[in-house]
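What follows is the residue order along each chain.
Number of protein chains: 2
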Amino acid sequence: MKILIIDDEPAIVQFLKDGLEANMYVIESATDGERGAFLGRTGTYDLIILDYMLPKLSGAEVLKEIRQENKHIPVLMLTVKSELRDKDELFRLGADDYLTKPFLFDELLLHVRALLKRPAKVEGEFYKVDNLTLNTRTKIIRRGSQEIYLTRREFALLEYLMINRNKIVSRNQILEHVWDYNADPFSNTVETHLASLRRKLNSGRNRNLIHTFTGRGYKLALNKLSER
Amino acid sequence: MKILIIDDEPAIVQFLKDGLEANMYVIESATDGERGAFLGRTGTYDLIILDYMLPKLSGAEVLKEIRQENKHIPVLMLTVKSELRDKDELFRLGADDYLTKPFLFDELLLHVRALLKRPAKVEGEFYKVDNLTLNTRTKIIRRGSQEIYLTRREFALLEYLMINRNKIVSRNQILEHVWDYNADPFSNTVETHLASLRRKLNSGRNRNLIHTFTGRGYKLALNKLSER
DNA sequence: ACTAAACCTTTAAATATCCTTAAGGCCGGC
DNA sequence: GCCGGCCTTAAGGATATTTAAAGGTTTAGT
Chain A
0 MKILIIDDEP AIVQFLKDGL EANMYVIESA TDGERGAFLG RTGTYDLIIL DYMLPKLSGA
60 EVLKEIRQEN KHIPVLMLTV KSELRDKDEL FRLGADDYLT KPFLFDELLL HVRALLKRPA
120 KVEGEFYKVD NLTLNTRTKI IRRGSQEIYL TRREFALLEY LMINRNKIVS RNQILEHVWD
180 YNADPFSNTV ETHLASLRRK LNSGRNRNLI HTFTGRGYKL ALNKLSER
Chain B
0 MKILIIDDEP AIVQFLKDGL EANMYVIESA TDGERGAFLG RTGTYDLIIL DYMLPKLSGA
60 EVLKEIRQEN KHIPVLMLTV KSELRDKDEL FRLGADDYLT KPFLFDELLL HVRALLKRPA
120 KVEGEFYKVD NLTLNTRTKI IRRGSQEIYL TRREFALLEY LMINRNKIVS RNQILEHVWD
180 YNADPFSNTV ETHLASLRRK LNSGRNRNLI HTFTGRGYKL ALNKLSER
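Chains A and B are the protein sequences, given in the same order. For the first sequence, the residue numbers in numbering that gives the first Met the number 0 are 0 to 227. For the second sequence, the residue numbers in numbering that gives the first Met the number 0 are 0 to 227.
Among the hints, erroneous ones may be present.
Since the list gives no way to pick one copy over another, a pair counts as held whenever it fits inside one copy or between any two copies.
[Claimed, not checked] The calculated lysine-lysine pairs, modelled on DSSO-like cross-linking and capped at a C-alpha distance of 27 Å, are:
#	residue 1	residue 2
1	K16	K166
2	K223	K16
3	K1	K166
4	K1	K199
Hints were generated in silico from the structure; no laboratory data involved. Quick caveat, the model's predicted, so the values are computed rather than measured.
Put together the whole structure using the sequences plus the hints.
Structure, rendered in structure tokens:
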């Protein structure tokens, strides 16, 4: 899951980034409204965290720009109580949720989880394919009863495959959803991570669940071809 | 365990602080209601000790503010008998317990212990992971039969890890619960204390119980990964 | 109030982990 | 059987963590 943070205070951005990365989210950030609006319009995110008070382009304007692009990405707004005249104002602008500063990180995390659950991305507490499970709350991966240790990138990759299980996802889709804009599309880092993910998932006598479709992409499923 | 003291008399604050620190609690304090309410709302405490009579914002008002933030932190109120018309008044406001001044420190300590036991933070007299035990009453740490001497900060750190045993806690969570607001989040004092804690706990041929999850935090547990 | 010890924090260097890059071999499609 | 795309492995670079040591502050004893 990829989250965009737009806030002009570097310390806050860092605080949110660290905390969210510790919870296995992929983070991109912008420290002014202009850059934030650009990323929000052009990037691929599952959630945007947007400060109300911003230089260059206010939070409200950024939100408007994003919404114009017909995107219905969940947007969580951060406000200072004194700034907030009317909370309905925020919803009218198109925000999905808001939080008044200061807040505890755990509070934010609850809101983030709730928002990410909405767009039918997450049905229950678990994703499951064969005997492979991903717990969306604890971020624990298991193959059968054995817990599997994954790095952040590997986790984000597997999560994306799990969300799209039984469907073919292209290399570019993966790159868009799991890597940030710095990623070099000509490098083979996706393939490398897929390899190490397969190695970790297939240990023992477990069957391979990540199937390659040459020229098309990858599919996480019990069988390469669907049979009914 | 971190305690917030809100009292306008510096001498009382000092008295409580010294005594509680001697019992391995981490203390923060405020000498007026405004500051107290701010800390109470924004900080992370396991208990708040609140004087009824305060300048700027009365104890009752401070309590109301804290409770508005939906927090159910235990609050211990301190009153002078003459101030207290009706003790039910305090409970109605949301206090969990009260004490009338003057009192003996040991009395206070009993109340503090009782309150901290409530929120399922402490089950019995001991925390235990492998052959490592922490006695919540005597504050004695043992690895097997060997007693281990820890400094206050090390103790608070281990206690926090013990409360959250078998769960990953991030560096920021640790900072929030074990250090006070003065702590510089960019220094590596947490890491340094973890190192010295590990050194003390792992002496001899004991296995390491504090496991690192790069980019995510630390977990106190028998094994890094769980197998069921 | 002074001194010494204990403790906590800071800095910096060493180490470990993770991510990316690059090269060579393998496999599947044609 | 050839070619291009994919996989694997290893090495290098970047980032994160651990360790060591010195400096500063607090605490405790006299």
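Hint-by-hint comparison with the structure:
1. K16 with K166: This pair counts as between: shortest inter-copy Cα distance 20 Å, intra-copy 30 Å.
2. K223 with K16: between (37 Å within a copy, 24 Å between copies)
3. K1 with K166: both (20 Å within a copy, 24 Å between copies)
4. K1 with K199: within (23 Å within a copy, 40 Å between copies)
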